[in-house]
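Enquirer: The chain contents come next:
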Amino acid sequence: MDPSSQEVRWSGMIDKPNLEVEVAGIKLKNPVMTASGTFGYGEEFSPFIDLDKLGAMVLKGITLKPKMGNPPPRVIETPSGMLNSIGLQNVGVEMLIKEKLPYLQKFNTPVIINISGDTIEEYIELARRLGEVSKEMGVAGLEINISCPNVKKGGMVWGTDAKATYKIINSIRKTTPLPLIAKLTPNVTDIKTIAQAAEEAGADALSLINTLVGMAIDIDSRRPKLANISGGLSGPAVKPVALWLVWQVFQTVNIPVIGIGGIIKVEDALEFIIAGARVIEIGTANFVNPHVTIDIIEGIEKYLTENNIKDVNELVGSMKI
Amino acid sequence: MNFIYNIKVKILSKEEVAPNIFLIKLLAPPIAQEALAGQFIHIKCSKDNYPLLRRPLSIHRIDKEKGEIFILFQAVGEGTKLLAGRSIEDDLDIMGPIGNGFNIYPESKKMVIIGGGIGVAPLLALGEESIRQGKEVQVLIGALKKELVIGEESFKILGAKVDVATDDGSYQYKGLVTDLLERIIKEGWLADQIFACGPKPMLKKISEIALQANIHYQVSMEERMACGIGACLGCVCKIKTKDKREYKVKYEYKRVCVDGPVFTGSEVVWND
Ligand SMILES: Cc1cc2nc3c(=O)[nH]c(=O)nc-3n(C[C@H](O)[C@H](O)[C@H](O)COP(=O)(O)OP(=O)(O)OC[C@H]3O[C@@H](n4cnc5c(N)ncnc54)[C@H](O)[C@@H]3O)c2cc1C
Ligand SMILES: Cc1cc2nc3c(=O)[nH]c(=O)nc-3n(C[C@H](O)[C@H](O)[C@H](O)COP(=O)(O)O)c2cc1C
Ligand code: FES
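Protein chains in written order, with my numbering: chain G, 1 to 321; chain R, 1 to 272.
I should point out that these hints are in silico values taken from the structure, not numbers from a laboratory. Please read these numbers as outputs of a predicted model, since none were measured by experiment. Don't take every hint at face value.
[Said to hold, decoys possible] Below 27 Å or equal to it, Euclidean Cα-Cα: the simulated DSS-like pairs (lysine-lysine) are:
id, chain 1, residue 1, chain 2, residue 2
1, R, K240, G, K67
2, G, K65, R, K8
3, R, K248, G, K98
4, R, K242, G, K98
5, R, K64, R, K200
6, R, K250, G, K65
7, R, K66, G, K98
8, G, K53, R, K8
9, G, K98, R, K250
[Said to hold, decoys possible] Among chain R residues calculated to face chain G with C-beta under 10 Å, some are:
id, residue
10, D93
11, Q172
12, A226
From the three backbone atoms N, C-alpha and C, an ideal C-beta is built for every residue, glycine too.
Given the sequences, and given the hints that come with them, work out the whole structure.
Expert: Listed below in structure tokens is the structure:
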């Protein structure tokens, strides 16, 4: 045997670390997913990255019927972040099935559908319909948005009350065997009670955070910079808040936690994993660098190799205190 | 949709052509090859992440032979000020070409191109292409004052007829650029197409004039953007769409970045 190759093996350079993770019963190649509303329906990013390399894709939030969304201006940059008030503009579930999902069939990457509604019945109907086509159209799971700050009815109302959270997640649980991820809002007093309610109601995983409610004013016109007045804050500015909430929820529940909020470089992603996130989602950073998801996947692999960690799962919740 | 590149390009030259208005030349062969008049590029102005988001700037001129594109912009805020401060030979991270671009009809003979202030930016490439196709081109430029009149010489070199209006009368006609449009129409110079870019009140006024004179009108719209590639739905403007079966007017929020930035004037909902 060639002694030099042994040396290589001893120094841990031959075996690539394991990046595979499982969340809500969905097997992912790596712990990097896209955040809903920041990655369109996937196809928009195909000029920039190989969609096959992603852990999973979460698509733009969908409702039962098409939604027009809020009037512009809808986005505005704020220090180290941005406010958005899109208002869930989307093509509706039937168009999603007919025109958006077929394109994603050729990729070997799980597709997770983010769903929203004004009423419980709408969530149930969406879950039923998506369950019905899940095999044929490759729907791997549902992320239930009970945390959208930009719509008047429904949205965040569900996610700010433990009882309402239980009720909606449980109703969907009874409707579909699809893996369910409850997406939580940071705009609450105690996220732990909401997280517990979602777990008890049958969620298979929790993702957090959605955006923080905020606003910005143009001092010349003295008008709000967003037509909707308020919007959801995202980007690096929210990262410390998100990290703290992920850590709290990780200590509270037994189901996997998906970390979201301000991740723009590999160090951010690692912080979330160390705080307890099994998987992370990347949102606003996609707008800055359309290649960021792949950069972060490669960065995680490099970190594991350099630190001689064989499996990314070992890192999850490994914060030393 | 056309293919959008995300590449690092070299700044070849930079010039302050008017107070606070900069012309930058970039070596960007793949983008220059495919770019159409009216498209834009999405630029990372900072080297770090502050400001965070990219900024959209129109492609001002396209030189396919040399693989160069030009941008012409006003330094108004953090992003554009940083861009104005970048040095020659610097690398710039850009995405493009993005958007639909202007649609020059083959049967058109006469065009009016109207730019208000920095709104002339996307129009030079359009003027160049129109003249290349043998069209007769009348350019109308509006500006606050003489020093801020941009593009006059460039259009003239192409062989276009150029008239200017300034708000304060410090150069040529005193008043609004839309007055000039009304004047040429009254004089009987009827264009087949009108193209415009600039402040919203100007664009809206032109829409009314074009409708009355029954001239087809294309307008390049601006909205604040995040992704620039159609993914975030942040950059929308309200557009009338006719439902063919129901004959009913419907409204839709369309994305300025990939459904536009060029829209038919009569389809834009101006009072919103
Ligand atoms: C498709 C498109 C093409 C454009 N082409 C050009 C061009 O060729 N040359 C040029 O000078 N400008 C162009 N603009 C406008 C340009 O993008 C903005 O001026 C720029 O984003 C401002 O960034 P900033 O960081 O310097 O300013 P900020 O600090 O973000 O804002 C400064 C001021 O600019 C205004 N502003 C910011 N963004 C926009 C916007 N997207 N549209 C209108 N006003 C805005 C703000 O209201 C504010 O008053 C274009 C915009 C679009 C959407
Ligand atoms: C423009 C925009 C649109 C969004 N749309 C949705 C949506 O439809 N559904 C949803 O659950 N979250 C939506 N979000 C929230 C993100 O998925 C994510 O939770 C949040 O932006 C925080 O992550 P980030 O800082 O990495 O962007 C949206 C965020 C942005 C910026
Ligand atoms: S800027 Fe994101 S859709 Fe146009």
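Enquirer: Go through the numbered hints given earlier and state which of them the structure violates, listing their numbers in rising order.
Expert: Of the numbered hints, 2, 5, 7, 11 do not hold.
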